[in-house]
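Based on these hints, arrange chain B on the given structure of chain A.
First to last, the sequence lines map onto chains A and B. Numbering-wise, numbering that gives the first Met the number 0 puts 117 at position 118 of the first sequence, and it's gapless, one number per residue. Numbering-wise, numbering that gives the first Met the number 0 puts 135 at position 136 of the second sequence, and it's gapless, one number per residue.
Hints should not be assumed to be uniformly reliable.
Facing chain B, according to a computed beta carbon distance under 8 Å, are these residues of chain A, among others [unchecked claim]:
#1 R17
#2 M48
#3 R60
Pairwise CB distance ranges (calculated) [as the list claims (entries may be wrong)]:
#4 B/G348 to A/Q47: 39 to 47 Å
#5 B/P283 to A/D21: 20 to 28 Å
#6 A/V77 to B/E359: 28 to 36 Å
#7 B/A331 to A/E194: 35 to 43 Å
#8 B/G709 to A/R88: 52 to 60 Å
#9 A/D21 to B/P267: 26 to 34 Å
#10 A/E115 to B/P283: 46 to 54 Å
#11 B/P99 to A/R88: 52 to 60 Å
#12 B/P722 to A/R88: 40 to 48 Å
#13 B/E351 to A/G147: 53 to 61 Å
Since the hints were made in silico from the structure, they are not lab data. Where a beta carbon is used, it is the ideal one built from N, C-alpha and C, also for glycine.
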Amino acid sequence: MNAISPNPTQKYDLSFARWVRDNIDGGERMNMCMQCGVCSGSCPLSDQMDLGPRKIFQMVRAGMKEAVLKSNSFYQCVSCYNCVVRCPRQVPVKYILHGLGRLAVQEGYQPKSNVENARFADAFWWSVTTFGKTDERLVTAKYYFSGGLMNGIKLGLGNLKTALGMIKTKRMHLGAPHKAKNRGELKAILAKAVEIQARHEGEA
Amino acid sequence: MADEKKIGVYLCSGCGIGDAINVSATETAATKQKASFCKSHSALCSEEGVNLIKGDIASGETNSVVIGACSGRVMTDKFQFDGTNVVRSNLREQVVWSHPAGDEDTQMMADDNVRMGVTQARLGNLPTALAEGEFSDTLLIVGGGYVGMTAALEAAKSGHQAILVERSDSLGGMIKDWTRVNPDDAPYREPQDNPVPGLIETVKNNAKITIMTNTTVAKTDGMPGRFVVELAKGGTSSVETVGAIIVATGWRPYDANKLGHLGYGVSPDVVTNVELEAMFAAGPVKRKSNGSAPKQVAFVQCAGSRDPAHLPYCSSVCCSQSIKNALRLIEADPDVMCTIIFDELRTPGTAEEFYRSAQEKGVVFVKGKVATVDGNLTVTYHDDLLGDDIPMAGLDMVVLATGMVPNSTNTEGAAIELNPEQAVYSHDDINPAAPIQVAGYKDGVVAPAVQVRTQNEVPDGAPILNLQYRQGPHIPILADGFSDSHYICFPYETRRTGIYTCGPVRRPMDMGEAGLDAAGAVLKGIQAIHNVRHGRSLHPRVGDLSYPKFGLSQCTKCRRCTVECPFGAIDEQADGYPTLNASRCRRCGTCMGACPVRTISFDNYSVDMINQMAASCEIPDEFSGKARILILACENDAYPALDMSGINRHTYSAFVRIIPVRCLGSVSLLNVSEALSKGYDGVVLMGCKSGDDYQCHFVKGSALAKERMGKVSETLKSMMLEPERVQSMEIAISDSARVGKIIDDFAANIVKIGLNPFKGF
Chain A
0 MNAISPNPTQ KYDLSFARWV RDNIDGGERM NMCMQCGVCS GSCPLSDQMD LGPRKIFQMV
60 RAGMKEAVLK SNSFYQCVSC YNCVVRCPRQ VPVKYILHGL GRLAVQEGYQ PKSNVENARF
120 ADAFWWSVTT FGKTDERLVT AKYYFSGGLM NGIKLGLGNL KTALGMIKTK RMHLGAPHKA
180 KNRGELKAIL AKAVEIQARH EGEA
Chain B
0 MADEKKIGVY LCSGCGIGDA INVSATETAA TKQKASFCKS HSALCSEEGV NLIKGDIASG
60 ETNSVVIGAC SGRVMTDKFQ FDGTNVVRSN LREQVVWSHP AGDEDTQMMA DDNVRMGVTQ
120 ARLGNLPTAL AEGEFSDTLL IVGGGYVGMT AALEAAKSGH QAILVERSDS LGGMIKDWTR
180 VNPDDAPYRE PQDNPVPGLI ETVKNNAKIT IMTNTTVAKT DGMPGRFVVE LAKGGTSSVE
240 TVGAIIVATG WRPYDANKLG HLGYGVSPDV VTNVELEAMF AAGPVKRKSN GSAPKQVAFV
300 QCAGSRDPAH LPYCSSVCCS QSIKNALRLI EADPDVMCTI IFDELRTPGT AEEFYRSAQE
360 KGVVFVKGKV ATVDGNLTVT YHDDLLGDDI PMAGLDMVVL ATGMVPNSTN TEGAAIELNP
420 EQAVYSHDDI NPAAPIQVAG YKDGVVAPAV QVRTQNEVPD GAPILNLQYR QGPHIPILAD
480 GFSDSHYICF PYETRRTGIY TCGPVRRPMD MGEAGLDAAG AVLKGIQAIH NVRHGRSLHP
540 RVGDLSYPKF GLSQCTKCRR CTVECPFGAI DEQADGYPTL NASRCRRCGT CMGACPVRTI
600 SFDNYSVDMI NQMAASCEIP DEFSGKARIL ILACENDAYP ALDMSGINRH TYSAFVRIIP
660 VRCLGSVSLL NVSEALSKGY DGVVLMGCKS GDDYQCHFVK GSALAKERMG KVSETLKSMM
720 LEPERVQSME IAISDSARVG KIIDDFAANI VKIGLNPFKG F
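Only chain A is shown next, with the shape it has when bound in the complex (with noise of 0.2 Å):
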């Protein structure tokens, strides 16, 4: 949904820089980033991150897209805001990094399948659309076995204890998922929220 960025098969792009400034989501103001490193002294994820938030936004000026796409940093985010919050020069920190995720992904810098957040988020998808609700076990049980068979199985052996730890105090129930009402209509509302964001972004 995001447009492609230009060039997307070059290692340096002199114009990565605007091109994030004019199509990511919040990218007009990463120009007044003065790398202070607040956000990323501020992240909780950042021993996990290969790149820090201030590191990607120097190497966007510097045109390394290649080096950015490929960093893991934008699927550790938690989106805990903090970095937003802190940011002195008002830096939306958190909506870069998600957008130049989504890019990453979309250019296929970062094949999905590598990809947990997205396929958490797909599992996550799944269940809000189909049951207007989501279901712990089976949002689970779909992001466990979306990374390959054994995979799935690895983890729910690997979680056993506590799922059924979870089902002794009825945390979590066995019987057919619960569905919220009127589900059609839920439908109808994401069909025209998804209308109105493509409006949007071919106006952008």
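Just chain B, lined up with the frame of chain A:
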């Protein structure tokens, strides 16, 4: 005169003086010092107290007044009596406020201060002004650029005639044809129209301004108030008499041909910032190689600036200028991609707003040092924030932000042969090759490496004013070729009185600053014009009427006064005797300290006076255990610091006796040796910081004092005294909390090495 002198001593017992010392004992000390009488009052600065003194002067009881009260730096308006010499003895700040009350040593200090005051009154006279001849009100402004024109206009606005001299055929200077300039008005976010074309019209239409284009200054003689200036136009010349001179010769860009490593000359699409301005003026910017509009432009900051191999300094305006030009490229075509590669983006003051404006508009800023630019316009730079070398390929144009070089000479004119003795005055005691120390780092913290500068000789070209001074034709310059000025306190002052520099010839600056600079320099020029006609000194002893008098009968023609005068005030006559150009003189007394036969003195200040003042203190014998230390404190920084120390109630040793001096440069070696032979146990010279970043208000007084002190060790050796007894200290005006400790340490050391064996001889 001396026998007719009736010295009246007035002691104040207010402000705690009466509580801390026995004033009547001090009165006795004053009378014993042969004062005509001594009176005390509980508040001398009150109307009653002042009237007491006025009454005595009117009745003829006294014609020379000593006031023992607060520091001579305060209440100057109260204790000023026309036609009467007034001496101030500091009893408040430097005695009772900085020493314990009721103490025997405090009492001795107060008595000695009054004794010194009486001696000073006996030997000093009210100075009479020297102001002979005709004086001119006209200002000469050299340089017809933005700064020069602003200066001319400011001069005209204040009612003075101005002669505006420009060496090219038209006014406008460096930026005449530039279309837009950096913002100077709120909100400081957009490039502004160039004010120069409008300014040219205003200046041309001003009746008080005489414009002389194609003209240079061939010769300058005379002194403030009546400089005689020969103006050369073509083959002819005219002579004008002017009161003050403003030098606004501006700048030129650094020679980009020396920047081959940044691609200049390698590719036609590598241009300098000044060339880009010309391209803007010629219409839409086009690549020089193929005439197409550039789409990818990189601005390389610090091209040859802050680089020891080129210009070691920052020109302060190039960052804003690149921002301006990037904004203009984007304004003309929003698709243009502008990247500014900076080492440190320096956008002082309101230029920060301009920087943010550019960030918002999509100019990309990258921090790094550019290593090379090759023929294909690939910029390779080291990105400091990524720690990586980045090759930037695919650019259409590279703009090098070259720095400003001051026009401290006229590079279009022929250089003048200097004799070796004169060459030294262009830099003088300030060593252009001296490394710049980085100050302010605590112990254990590694400071950046000391920057070593290249020797920068006198720049090529003709001297701008061609001064007919004994010290040479040039206005002295600092290490990087900028004209010397006391850039913190007295920015416009050069070392040639009555000649003021402003604009980028003084230091790199943008138009907004330069306009203010022009106004400031003109005001200094006007001050000069109005003070010198009454024989009054200019800064920093503003209003002083005294001037050095030479006893030519004793003069040995050694020429040290003409050599050491920081302001080139003293010329040599044909017969080798010194001659004073009174209004060039700033009354520092450096000549007085230099003169080996002590034949130079002022009406109210002399080597002998300092000697006699020191000698009038009572020196306790060597069995008393009481040391005596003479402090000769520079009245500009050290003496106020001592005052402030008292105001803040910091204490220091009561063994010191403080005599204010005009400048350490006025201290003769004889003052030191005399004090030691009279029984003082130590001598301290307190002055300003000397050296490359000097703080001396008279430029080189403290440096000279240091140099002279280097020679004092021989004197001490011949007297069989320890060299530690004499020390020169650098005290800044902010050192009030520190100065007491320094004095105490020195006093403790004196006590350790033992008292002076010369006592009582």
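Structure-based check of each hint:
1. R17: Hint on A/R17: holds, closest Cβ of chain B at ~5 Å, below 8 Å.
2. M48: It is violated, given that the least Cβ distance between A/M48 and chain B is near 15 Å, above 8 Å.
3. R60: Holds - the Cβ of A/R60 comes within 8 Å of chain B, reaching about 5 Å at its closest.
4. B/G348 to A/Q47: 39 to 47 Å: 42 Å, holds
5. B/P283 to A/D21: 20 to 28 Å: 23 Å, holds
6. A/V77 to B/E359: 28 to 36 Å: Check passed, 30 Å falls within 28 to 36 Å.
7. B/A331 to A/E194: 35 to 43 Å: Cβ of B/A331 to Cβ of A/E194: about 39 Å, so the range 35 to 43 Å holds.
8. B/G709 to A/R88: 52 to 60 Å: Roughly 55 Å apart at Cβ, these two residues keep to the hinted range, so it holds.
9. A/D21 to B/P267: 26 to 34 Å: Between A/D21 and B/P267, where Cβ atoms are some 31 Å apart, the hint holds.
10. A/E115 to B/P283: 46 to 54 Å: 52 Å, holds
11. B/P99 to A/R88: 52 to 60 Å: For A/R88 against B/P99, whose Cβ atoms are near 57 Å apart, the range 52 to 60 Å holds.
12. B/P722 to A/R88: 40 to 48 Å: Since B/P722 and A/R88 have Cβ atoms about 59 Å apart, the given range 40 to 48 Å is violated.
13. B/E351 to A/G147: 53 to 61 Å: The hinted range 53 to 61 Å holds for B/E351 and A/G147, with Cβ atoms some 54 Å apart.
This entry does not satisfy hints 2 and 12, going by the numbered hints stated previously.
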